[in-house]
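J.: Listed below are the residues making up each chain.
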Amino acid sequence: MSALVAVLVLPLAGALATVALPGRAARIAASTAIAATLAAALALAAWVAARGVPRLEIGGWAPPVGIAVEADGLAAAMIVMTATVMAAAGLSARHMLAPGAAGARAAFGFWPLMLLLWAALNAVFVSRDLFNLYVGIELLSLAAIGLVAIEGKAAALAAAMRYMIFALAGSLLYLAGVVLVYAAHGALDAGLLTDRTPARTDGLALALMTVGLMAKTALFPFHVWLPPAHGGAPAPASAMLSALVPKASFVILLRLWFDVMPDQATEGALALMAALGTAAVIWGGLAALVQERLKLIVAYSTVAQIGYLFLVFPLAGGASAEMPWAAGAWNGAVFLALSHGLAKAAMFLAVGQWMAARGGDRLEDLRGIATAMPMTAFAFALSSITLVGLPPSGGFTAKYLIMTSAFAAGQWGWALVMAGGGLLAAAYLYRPVAVIFARAEVPDSPLPSRGRQVVPLILAGAAVALGIASAAPFDLLSTGRPQAAGEGL
Amino acid sequence: MTGPTLYALTGAALVGIGVFGLISARHLLRRVVAFNLIGSGLFVFLGAAGARGGAADPLPQALIITGIVVALSASALAVGLVVAHARASGRPALPEEDEEA
Chain R
-19 MSALVAVLVL
-9 PLAGALATVA
1 LPGRAARIAA
11 STAIAATLAA
21 ALALAAWVAA
31 RGVPRLEIGG
41 WAPPVGIAVE
51 ADGLAAAMIV
61 MTATVMAAAG
71 LSARHMLAPG
81 AAGARAAFGF
91 WPLMLLLWAA
101 LNAVFVSRDL
111 FNLYVGIELL
121 SLAAIGLVAI
131 EGKAAALAAA
141 MRYMIFALAG
151 SLLYLAGVVL
161 VYAAHGALDA
171 GLLTDRTPAR
181 TDGLALALMT
191 VGLMAKTALF
201 PFHVWLPPAH
211 GGAPAPASAM
221 LSALVPKASF
231 VILLRLWFDV
241 MPDQATEGAL
251 ALMAALGTAA
261 VIWGGLAALV
271 QERLKLIVAY
281 STVAQIGYLF
291 LVFPLAGGAS
301 AEMPWAAGAW
311 NGAVFLALSH
321 GLAKAAMFLA
331 VGQWMAARGG
341 DRLEDLRGIA
351 TAMPMTAFAF
361 ALSSITLVGL
371 PPSGGFTAKY
381 LIMTSAFAAG
391 QWGWALVMAG
401 GGLLAAAYLY
411 RPVAVIFARA
421 EVPDSPLPSR
431 GRQVVPLILA
441 GAAVALGIAS
451 AAPFDLLSTG
461 RPQAAGEGL
Chain V
584 MTGPTLYALT
594 GAALVGIGVF
604 GLISARHLLR
614 RVVAFNLIGS
624 GLFVFLGAAG
634 ARGGAADPLP
644 QALIITGIVV
654 ALSASALAVG
664 LVVAHARASG
674 RPALPEEDEE
684 A
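Residue numbers (this note's numbering), protein chains in the order written: chain R, -19 to 469; chain V, 584 to 684.
Mixed in with the good hints, there may be bad ones.
Unchecked claim - In the SDA-like style, the derived pairs of lysine to any residue whose C-alpha atoms are separated by at most 20 angstroms in a straight line are: (1) R:K133 x V:P675; (2) R:K133 x R:D239; (3) R:K133 x R:G80; (4) R:K133 x V:A667; (5) R:K133 x V:S672; (6) R:K133 x R:A84; (7) R:K133 x R:R85; (8) R:K133 x V:E679; (9) R:K133 x R:I145; (10) R:K133 x V:L660; (11) R:K133 x R:F88; (12) R:K133 x V:T585; (13) R:K133 x R:A336; (14) R:K133 x R:A82; (15) R:K133 x R:G339; (16) R:K133 x V:T588; (17) R:K133 x R:R342; (18) R:K133 x V:A671; (19) R:K133 x V:V666; (20) R:K133 x R:E344; (21) R:K133 x V:T649; (22) R:K133 x V:A634; (23) R:K133 x V:V662; (24) R:K133 x V:G663; (25) R:K133 x R:G340; (26) R:K133 x R:G83; (27) R:K133 x R:A81; (28) R:K133 x R:A78; (29) R:K133 x R:D175; (30) R:K133 x R:G46; (31) R:K133 x V:I648; (32) R:K133 x V:R670; (33) R:K133 x R:A87; (34) R:K133 x R:A(-14).
To be verified - Using C-beta positions, here's what the derived DEER-type ranges look like: (35) V:L592 x R:A5: 48 to 56 angstroms; (36) R:E247 x V:A645: 32 to 40 angstroms; (37) R:L269 x V:D640: 53 to 61 angstroms; (38) V:V652 x R:T174: 38 to 46 angstroms.
I should point out that these hints are in silico values taken from the structure, not numbers from a laboratory. On a predicted model such as this, the values are computed, not experimentally measured, just so you know. Where a beta carbon is used, it is the ideal one built from N, C-alpha and C, also for glycine.
Please put together the full structure from these sequences, using the hints given.
T.: Okay, here's the thing in structure tokens:
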């Protein structure tokens, strides 16, 4: 229970401390806050796995007046994944964003923004109140926009500005939906709303919230802000932005469609969401094929991978919700979100180290980098395996679950999307992997220490380990699920 | 027309003006103002929703105050970004929309 409070309070306190303390002390405070929050996240997951769902009504006020926070299995799994990525990004940032390397502005701004981002993510994962979720995703967006703009270059500022317009529009759409919900039901707590009498405005409210959250998740056609924003930020920031930020709004969508208003899920709406996801898989994959800069390839791959997540809606929602295959699709989507987060963060951190060594991220600049930095190259290759969905990675387990659900449901079209998207991913990731493992004269350049090179490798290894040791995460995910999730089929 | 209905319609009108501004304006500062108009309209609407059935509901008022704080921070960051972007690029509009700024 105290771990639940700690994952919310520690990063916030750390963010304040890094602003208040001078130079070196601020970095020590940041490291302390990162280590403490990581420990709290692991403790929380252990608590949830052993004893069930901790629930806290803040200040002793019960809903509808108060705000409840609850860490179910989904929240705990996302919080642990977030903590892993954050710790890795923090370790990398100690060198990449040191005052000498990145300028005083980025070196000062990174730590408070990173910790604020972390606090907002954890708050979104555990919050059970629709308005509190609004505050959470708004804080998340503001911290993320700050991270995009942190280097202060014209291109990054334009990317941040475009991101801001999408994020604010998304927030307002979500807020409009929340206002309609309150007007109809006089409550915003997820538990109370599950038992509500459906009102005529519910469909409109859910549609508004969904479109707003899609814009924040960067689902096609709202993806245009993502590649320049994620491609332009410093590598540790890109890792957090790409691996974690879209997952927060996706988790809210999962809660809205499966827990809060499952009664509003019409076949057409669910199919439309998956169709947009399909378009994202195809568009993101094709765009990644033609990029010349590695960071943009990785960013467009995020657009495609987000698309897969939306296939869960027709497979586990609406009429499918009561079917035996629903749990498999739901688990598969969450597994995909977790393994994509780990793999994508590993990729961005690896690319960041290569950029520091070679001075750019054009594919030609990186020819033969595997000879100089075999560990990071191996991390990139392992992450590619997860993103393509080859066994034994977490990505494979996820895709396998979703595809079996699709066949069991007779909706084999979505399985084709999975398979086709995997082929596209193999095609767009083959180019960078071929270039970095190519034989080439290696120019002498200072290399990061082994200790720094191993960070992306640990993340990529964790993404693969999710596929090998999937039993424990499965048990964790089923904690607090209304329908018995288990292994599904 | 009762009070709450009037407030709700005013809120709806503000949202409409804001959406129009967001779509028609290229100047980034105008867009920030448009976002604020939409937000304010939603808050007025939320307040009206809380006034149904005679007695005022205090919960929306607490939500609105929280929302105003959030909107203020977002606006502050947005204006700061607009200024930084205009200084760096010399234009108060996004690169792909320059011609009409």
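J.: If a hint holds in the structure, say so; if it does not, say that too.
T.: Evaluated hints:
no.: 1; hint: R:K133 x V:P675; in the structure: 15 angstroms, holds
no.: 2; hint: R:K133 x R:D239; in the structure: 43 angstroms, violated
no.: 3; hint: R:K133 x R:G80; in the structure: 17 angstroms, holds
no.: 4; hint: R:K133 x V:A667; in the structure: 9 angstroms, holds
no.: 5; hint: R:K133 x V:S672; in the structure: 9 angstroms, holds
no.: 6; hint: R:K133 x R:A84; in the structure: 14 angstroms, holds
no.: 7; hint: R:K133 x R:R85; in the structure: 12 angstroms, holds
no.: 8; hint: R:K133 x V:E679; in the structure: 17 angstroms, holds
no.: 9; hint: R:K133 x R:I145; in the structure: 18 angstroms, holds
no.: 10; hint: R:K133 x V:L660; in the structure: 16 angstroms, holds
no.: 11; hint: R:K133 x R:F88; in the structure: 16 angstroms, holds
no.: 12; hint: R:K133 x V:T585; in the structure: 53 angstroms, violated
no.: 13; hint: R:K133 x R:A336; in the structure: 17 angstroms, holds
no.: 14; hint: R:K133 x R:A82; in the structure: 12 angstroms, holds
no.: 15; hint: R:K133 x R:G339; in the structure: 16 angstroms, holds
no.: 16; hint: R:K133 x V:T588; in the structure: 48 angstroms, violated
no.: 17; hint: R:K133 x R:R342; in the structure: 19 angstroms, holds
no.: 18; hint: R:K133 x V:A671; in the structure: 7 angstroms, holds
no.: 19; hint: R:K133 x V:V666; in the structure: 13 angstroms, holds
no.: 20; hint: R:K133 x R:E344; in the structure: 24 angstroms, violated
no.: 21; hint: R:K133 x V:T649; in the structure: 33 angstroms, violated
no.: 22; hint: R:K133 x V:A634; in the structure: 48 angstroms, violated
no.: 23; hint: R:K133 x V:V662; in the structure: 17 angstroms, holds
no.: 24; hint: R:K133 x V:G663; in the structure: 14 angstroms, holds
no.: 25; hint: R:K133 x R:G340; in the structure: 16 angstroms, holds
no.: 26; hint: R:K133 x R:G83; in the structure: 12 angstroms, holds
no.: 27; hint: R:K133 x R:A81; in the structure: 15 angstroms, holds
no.: 28; hint: R:K133 x R:A78; in the structure: 18 angstroms, holds
no.: 29; hint: R:K133 x R:D175; in the structure: 50 angstroms, violated
no.: 30; hint: R:K133 x R:G46; in the structure: 43 angstroms, violated
no.: 31; hint: R:K133 x V:I648; in the structure: 35 angstroms, violated
no.: 32; hint: R:K133 x V:R670; in the structure: 10 angstroms, holds
no.: 33; hint: R:K133 x R:A87; in the structure: 15 angstroms, holds
no.: 34; hint: R:K133 x R:A(-14); in the structure: 36 angstroms, violated
no.: 35; hint: V:L592 x R:A5: 48 to 56 angstroms; in the structure: 55 angstroms, holds
no.: 36; hint: R:E247 x V:A645: 32 to 40 angstroms; in the structure: 38 angstroms, holds
no.: 37; hint: R:L269 x V:D640: 53 to 61 angstroms; in the structure: 54 angstroms, holds
no.: 38; hint: V:V652 x R:T174: 38 to 46 angstroms; in the structure: 29 angstroms, violated
The structure fails hints 2, 12, 16, 20, 21, 22, 29, 30, 31, 34, 38 (numbered hints given earlier, in ascending order).
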